[in-house]
Amino acid sequence: MAQPTRPASAQTVFAPWTDPTAQPLIQFKNVTKQFGDFTAVDDLTINIYEREFFALLGPSGCGKTTLMRMLAGFENPTHGEILLGGKNIVPVPPNQRPVNMMFQSYALFPHLSVWENIAFGLKRSDMPKDQIGDRVAEMLRLTRMEKFAKRKPHQISGGQRQRVALARSLAKAPKLLLLDEPLGALDKKLRNDTQFELMDIQEKTGTTFVIVTHDQEEAMTVASRVAVMDAGKMIQVDTPAGIYEAPNSVYVADFIGDVNIIEGNASVSGEKVDVHFAEGVDPIHAVTDKPITDGQRVSYAVRPEKISVDREPLADRANHVKGKVEDIGYLGNVSTYHVRLPSGQLVSALMTNSRRLARRDFTWEDEVWLSWTDTAGVVLTE
Amino acid sequence: MKKPSWFNITSLTLGFAFLYIPMLVLIAYSFNGGRLVTVWAGFSTKWYGELLSNEAFLDAAWVTLRVAVATATLATVLGTLAGYVLVRGGRFMGRTLFAGMAYAPLVMPDVILGLSLLLLFKTMFSSMGMTTVILAHTTFAMCYVSVVVSSRLMSFDRSIEEAAADLGATAFDTFKSVTLPIIFPAVLSGWLLAFTLSLDDLVIASFVTGPGATTLPIKIFSAVRLGVSPEINALSTIMIGIVTIGVITFSVINKRQIAQRLRDEKMAG
Amino acid sequence: MTLRRFILIAIPFSWLLLFFLVPFIVVLKLSLSDPAIAIPPYTPTLDPSSGWAGIKSFFGQLDFDNFTFLTLDPLYYTAYLSSLKIAVISTMLTLLVAFPMAYGMARAPEQWRPTLMMLVILPFWTSFLIRVYAWVGILGKEGFLNMVLMWIGIIDEPLTILNTNIAVYIGIVYTYLPFMILPIYSTLEKLDMSLIEAAEDLGSTRAQAFWLITAPLSLPGVIAGCFLVFIPALGEFVIPSLLGGSDTLMIGKVLWDEFFANRDWPLASAVAVVLLMILIVPIILFQRNQQKQMEADQ
Numbered sequence: 001m002a003q004p005t006r007p008a009s010a011q012t013v014f015a016p017w018t019d020p021t022a023q024p025l026i027q028f029k030n031v032t033k034q035f036g037d038f039t040a041v042d043d044l045t046i047n048i049y050e051r052e053f054f055a056l057l058g059p060s061g062c063g064k065t066t067l068m069r070m071l072a073g074f075e076n077p078t079h080g081e082i083l084l085g086g087k088n089i090v091p092v093p094p095n096q097r098p099v100n101m102m103f104q105s106y107a108l109f110p111h112l113s114v115w116e117n118i119a120f121g122l123k124r125s126d127m128p129k130d131q132i133g134d135r136v137a138e139m140l141r142l143t144r145m146e147k148f149a150k151r152k153p154h155q156i157s158g159g160q161r162q163r164v165a166l167a168r169s170l171a172k173a174p175k176l177l178l179l180d181e182p183l184g185a186l187d188k189k190l191r192n193d194t195q196f197e198l199m200d201i202q203e204k205t206g207t208t209f210v211i212v213t214h215d216q217e218e219a220m221t222v223a224s225r226v227a228v229m230d231a232g233k234m235i236q237v238d239t240p241a242g243i244y245e246a247p248n249s250v251y252v253a254d255f256i257g258d259v260n261i262i263e264g265n266a267s268v269s270g271e272k273v274d275v276h277f278a279e280g281v282d283p284i285h286a287v288t289d290k291p292i293t294d295g296q297r298v299s300y301a302v303r304p305e306k307i308s309v310d311r312e313p314l315a316d317r318a319n320h321v322k323g324k325v326e327d328i329g330y331l332g333n334v335s336t337y338h339v340r341l342p343s344g345q346l347v348s349a350l351m352t353n354s355r356r357l358a359r360r361d362f363t364w365e366d367e368v369w370l371s372w373t374d375t376a377g378v379v380l381t382e
Numbered sequence: 001m002k003k004p005s006w007f008n009i010t011s012l013t014l015g016f017a018f019l020y021i022p023m024l025v026l027i028a029y030s031f032n033g034g035r036l037v038t039v040w041a042g043f044s045t046k047w048y049g050e051l052l053s054n055e056a057f058l059d060a061a062w063v064t065l066r067v068a069v070a071t072a073t074l075a076t077v078l079g080t081l082a083g084y085v086l087v088r089g090g091r092f093m094g095r096t097l098f099a100g101m102a103y104a105p106l107v108m109p110d111v112i113l114g115l116s117l118l119l120l121f122k123t124m125f126s127s128m129g130m131t132t133v134i135l136a137h138t139t140f141a142m143c144y145v146s147v148v149v150s151s152r153l154m155s156f157d158r159s160i161e162e163a164a165a166d167l168g169a170t171a172f173d174t175f176k177s178v179t180l181p182i183i184f185p186a187v188l189s190g191w192l193l194a195f196t197l198s199l200d201d202l203v204i205a206s207f208v209t210g211p212g213a214t215t216l217p218i219k220i221f222s223a224v225r226l227g228v229s230p231e232i233n234a235l236s237t238i239m240i241g242i243v244t245i246g247v248i249t250f251s252v253i254n255k256r257q258i259a260q261r262l263r264d265e266k267m268a269g
Numbered sequence: 001m002t003l004r005r006f007i008l009i010a011i012p013f014s015w016l017l018l019f020f021l022v023p024f025i026v027v028l029k030l031s032l033s034d035p036a037i038a039i040p041p042y043t044p045t046l047d048p049s050s051g052w053a054g055i056k057s058f059f060g061q062l063d064f065d066n067f068t069f070l071t072l073d074p075l076y077y078t079a080y081l082s083s084l085k086i087a088v089i090s091t092m093l094t095l096l097v098a099f100p101m102a103y104g105m106a107r108a109p110e111q112w113r114p115t116l117m118m119l120v121i122l123p124f125w126t127s128f129l130i131r132v133y134a135w136v137g138i139l140g141k142e143g144f145l146n147m148v149l150m151w152i153g154i155i156d157e158p159l160t161i162l163n164t165n166i167a168v169y170i171g172i173v174y175t176y177l178p179f180m181i182l183p184i185y186s187t188l189e190k191l192d193m194s195l196i197e198a199a200e201d202l203g204s205t206r207a208q209a210f211w212l213i214t215a216p217l218s219l220p221g222v223i224a225g226c227f228l229v230f231i232p233a234l235g236e237f238v239i240p241s242l243l244g245g246s247d248t249l250m251i252g253k254v255l256w257d258e259f260f261a262n263r264d265w266p267l268a269s270a271v272a273v274v275l276l277m278i279l280i281v282p283i284i285l286f287q288r289n290q291q292k293q294m295e296a297d298q
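Residue numbers (my numbering), protein chains in the order written: chain U, 1 to 382; chain R, 1 to 269; chain C, 1 to 298.
This is chain U alone, in the form it adopts within the complex (with noise of 0.2 Å):
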């Protein structure tokens, strides 16, 4: 999993929603979006803040097209109020917004050149007209498109029409840009790239950014903070690290990158909790800053790279485990062993290739000591 942190620029970390005082740009106040029967949207409260850079993710149909085509102007809510800068956007119809959405598809208009695309808004907002061509010549320097200012939208690469659909919705510099899926149409290479050269776009423009995705590698990579969603409801939102760190439930968990997930009864003692998951075996030794009670049941979820795999226990850590080797996925950097416990459960661990291949350790049917920390795992009550 890449886990890029923000480049640690400012003096202080960007943060606003650690702090009270902050004023958040979007809120969300109790968001219910029903279509007849199906509610996609569930009785929705979040604050977005100035700068940010927010990702709505979750599977299709979890309702984030929906959240931000509320945003957008193109679906109302139901139930509650949607505030942009303090006042209420809701009727407010999307072309009188200062939001500005970059399409999936794109939806660069296939009559008008790359110029045209871009000066479209400007053209319809109070903009001087002599400015029009400097606010568009900028555009184009920003996306990198200058030599491309005549051509129609087909004829230009995939990769060049997701440039311009971004250049076309900044334009007009709103404050908040939405962007639906960006890079979904584009390759896996073209993608990493573009990934990193949003969050410059970001950066330089100051404009709050906030994205639509499926792909949890993408929202991770660039966003300031997650939103996960489910069934119309936010389940967690945090930073990236927090998300994958310290999810809050077993769905986000699961949802984030690879884990395993141990169900077992917990038993409390201050900020240590053992999870008894099998009879006849050591429990695992966690620590949570959460409410738990006795013989409460719990699932507890550790990530494979947090686990080592090796022939003794290693004696710096809190939890070791023995099984027996059922599986190696061979993936070139890494090897995911596959370990049988003696109780049945099937555990993950992610081990570097750090020596040549010909000289693994291990093998199908070895015993092995699983080894990690109490504080690798966290233990989830929902």
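The hints are simulated quantities; they were obtained by calculation from the structure and are not laboratory data.
Note that the Cβ used here is the ideal one computed from N, Cα and C, for glycine as well.
Among these hints, one or two may not hold up.
Said to hold, decoys possible - Calculated lysine-lysine pairs in the DSS-like style (CA-CA distance at most 27 Å, straight line): (1) U:129 with U:147; (2) U:306 with U:290; (3) R:176 with U:152; (4) R:266 with C:29; (5) U:147 with R:122; (6) U:87 with U:123; (7) R:266 with U:152.
To be verified - Taking CB as the label site, the calculated pair distances span: (8) C:157 with R:28: 18 to 26 Å; (9) R:260 with C:247: 52 to 60 Å; (10) C:4 with U:61: 33 to 41 Å; (11) U:61 with R:18: 48 to 56 Å; (12) U:61 with R:91: 17 to 25 Å; (13) R:170 with C:85: 56 to 64 Å; (14) U:123 with R:66: 37 to 45 Å.
Said to hold, decoys possible - A short, non-exhaustive set of chain R residues, derived as facing chain U with CB atoms under 10 Å: (15) 162; (16) 171; (17) 177; (18) 264.
Based on the hints, put chains R and C in the right spot on chain U.
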């Protein structure tokens, strides 16, 4: 690619022979010097001369042309509106009725349309004429335009219109500067279709026409009721010629555009 | 905004109401009126000034006399039956001619297809009347066909084809052929050739592959084509009047004669109402078929 089989070649040859021989025979006869069909009296263009000096035919042709242009233009405006309302109009009271009415004239026998419109016009106008023919033709031609336009609208990405709204365009502005330019080829073919339908119609025009508004099909029909007429052969040849040139030009332009597009897309990578 | 939307909808809507729906109500009313020769007004007339009583007496005076007359005179019901027969037979004949052509087009090398397509569409843009008329010169006693056949020596006496039902069949097949070819072609063209290869790979012969794969998968196109020929053929007027004989009974022609020759407008209206009722079933079936196909395409 497999070589085409004999069966396919034979069926295509016979089929196209069936489609085209009657027209070719008609064209050949139009250059026959004699009045009798059976006897070839040498190559001659005299029937063309007679046709062009026949005032009644020229009048009818002029009437037909004016009716067809007026019909095509009216029907294109109304049909484009109807197609737009059907695809983008959302829900409104009477939508089902509207969709049904926009579709029914396509499958309604001409005799019924003609009869019913005449009965209506009798209550509205004191006499029939070009106006009534244009009204009648517009009514059924607009439904064809609506089909052409709405199928184009259905196939185009809705988010393009949303993008225009998002960038500050009003609904009317969006229609004018985004939707209409994109669907324009469909609107144009709708116009051509309406024009052809009006040019072609005998039955409805026969019902709703009046003094001074004899259209070409009515004229042709009364001339050929009793058998072959060499002037009509000449007229048919001219009409077939115009249509052929039109269709071939259209498809060559179309082919070039497609080729250009493919080249552009290749260039784009 | 809402007003603009209202106007947008109202313009085409009211046009169709006035010029499509209202005329039908007029026809329906007239078909229930007393028979009379030409010139309105027809009794009963609706007198709105006398209020509810007027409306009641108006509906009270409407009757089904014209429809009763249609069932009594054999001319009408034989005309309906014969129209149905001619429409069914010519639809089948059109299918027989069109399917091999559509199949041949769909299997033709890709670079030919636009040209073949153009060749099918070209007659469609040519005047319907002229295309029917072309056959008058071919099928007549002294026409092109008899001339050729006698010259070859197949026949000694000219055949009588013009002014018979056979000429009507030929005319319908000829003029409606493009309507049958196009929908069949479009389903056949979409058909994935690897399905047929898969069938052959799994052991079926060419012919079996055709009957088990191609035929059922082209069915939606065949059904659409059949309706597109059958529906207009049933009410056809030009073809029977130019190519048919005095014994060719088709309802479109009967309606025309009733109106123009006998000038019995109420009876002509009744003929139209019955024709419409016969057509409603195939029209609804056709629309269902189209809708199903559109949903399948999505």
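A quick look at each hint next to the structure:
1. U:129 with U:147: holds (22 Å)
2. U:306 with U:290: Holds - the C-alpha atoms of residue 290 of chain U and residue 306 of chain U are around 21 Å apart, at most 27 Å.
3. R:176 with U:152: The hint holds at about 19 Å.
4. R:266 with C:29: violated (63 Å)
5. U:147 with R:122: violated (66 Å)
6. U:87 with U:123: Status holds; Cα separation ~26 Å.
7. R:266 with U:152: Distance of about 13 Å is within 27 Å: holds.
8. C:157 with R:28: 18 to 26 Å: Between residue 157 of chain C and residue 28 of chain R, where Cβ atoms are some 25 Å apart, the hint holds.
9. R:260 with C:247: 52 to 60 Å: holds (57 Å)
10. C:4 with U:61: 33 to 41 Å: holds (34 Å)
11. U:61 with R:18: 48 to 56 Å: Since residue 61 of chain U and residue 18 of chain R have Cβ atoms about 54 Å apart, the given range 48 to 56 Å holds.
12. U:61 with R:91: 17 to 25 Å: holds (23 Å)
13. R:170 with C:85: 56 to 64 Å: Holds - the Cβ-Cβ distance for residue 170 of chain R and residue 85 of chain C, about 58 Å, lies within 56 to 64 Å.
14. U:123 with R:66: 37 to 45 Å: Taking Cβ atoms as reference, residue 123 of chain U and residue 66 of chain R lie about 40 Å apart, which means the hint holds.
15. 162: With a closest approach of 6 Å, the residue 162 of chain R hint holds.
16. 171: holds (8 Å)
17. 177: holds (8 Å)
18. 264: Holds: closest Cβ of chain U sits about 5 Å from residue 264 of chain R, inside 10 Å.
When each numbered hint is compared with the structure, violations occur for hints 4 and 5.
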